[in-house]
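Trainee: Sequence:
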Amino acid sequence: MVIEHPKSPVNKGNIICKLIEHGHIALTKQSFTETRHGKKTKKEKTEKQYHQILKDKFNIF
1 MVIEHPKSPV
11 NKGNIICKLI
21 EHGHIALTKQ
31 SFTETRHGKK
41 TKKEKTEKQY
51 HQILKDKFNI
61 F
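Residue numbers for the sequence shown follow this note's numbering, beginning at 1 and rising by one.
For the record, the hints were derived by calculation from the structure and aren't laboratory data. Small disclaimer: the values here were computed from a predicted structure and weren't measured. Just so you know, not all the hints are guaranteed correct.
To be verified - Derived pair list, reagent style DSS-like, types lysine-lysine, alpha-carbon separation capped at 30 Å:
#: 1; residue 1: K39; residue 2: K12
#: 2; residue 1: K57; residue 2: K39
#: 3; residue 1: K42; residue 2: K57
#: 4; residue 1: K42; residue 2: K55
#: 5; residue 1: K18; residue 2: K45
#: 6; residue 1: K40; residue 2: K55
#: 7; residue 1: K57; residue 2: K43
To be verified - Label-pair restraints from in silico Cβ distances:
#: 8; residue 1: G13; residue 2: Q52; range: 14 to 20 Å
#: 9; residue 1: Q30; residue 2: K7; range: 28 to 34 Å
#: 10; residue 1: T41; residue 2: G13; range: 18 to 24 Å
#: 11; residue 1: C17; residue 2: E47; range: 27 to 33 Å
#: 12; residue 1: L19; residue 2: K55; range: 14 to 20 Å
#: 13; residue 1: H37; residue 2: P6; range: 34 to 40 Å
#: 14; residue 1: K7; residue 2: K55; range: 33 to 39 Å
#: 15; residue 1: N59; residue 2: H5; range: 30 to 36 Å
Just so it is clear, CB atoms sit at the ideal spot from N, CA and C, and this is done for glycine as well.
Required output: the full structure, derived from the provided sequences and hints.
Mentor: Structure, rendered in structure tokens:
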């Protein structure tokens, strides 16, 4: 069940996720997160970078 609330830190936009070897990746309009072997790295992204990652990592054009 997804519940929306204006003060909630979640459900504020789309999150694209994909399983990868030894982990997963996730992309929002603001950041790209990669988790491999339990180690997480998160980087802020511009809108231009967001669209490039959609294409390169998720094959979404």
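Trainee: Hint by hint, note whether the structure agrees.
Mentor: Right, here's what the structure says about each hint:
1. K39 <-> K12: Given pair K39, K12 holds - Cα atoms ~25 Å apart, limit 30 Å.
2. K57 <-> K39: The hint holds at about 18 Å.
3. K42 <-> K57: Holds, at about 15 Å.
4. K42 <-> K55: It holds: about 19 Å lies between the C-alpha atoms, which stays within 30 Å.
5. K18 <-> K45: holds, 18 Å
6. K40 <-> K55: Holds, because 22 Å separates the two Cα atoms, which is no more than 30 Å.
7. K57 <-> K43: OK: K57 and K43 at ~15 Å, within 30 Å.
8. G13 <-> Q52: 14 to 20 Å: holds, 18 Å
9. Q30 <-> K7: 28 to 34 Å: Cβ of Q30 to Cβ of K7: about 18 Å, so the range 28 to 34 Å is violated.
10. T41 <-> G13: 18 to 24 Å: holds, 20 Å
11. C17 <-> E47: 27 to 33 Å: violated, 19 Å
12. L19 <-> K55: 14 to 20 Å: Roughly 19 Å apart at Cβ, these two residues keep to the hinted range, so it holds.
13. H37 <-> P6: 34 to 40 Å: holds, 37 Å
14. K7 <-> K55: 33 to 39 Å: holds, 34 Å
15. N59 <-> H5: 30 to 36 Å: holds, 34 Å
Hints 9 and 11 from the earlier list are contradicted by this structure; the remaining hints agree with it.
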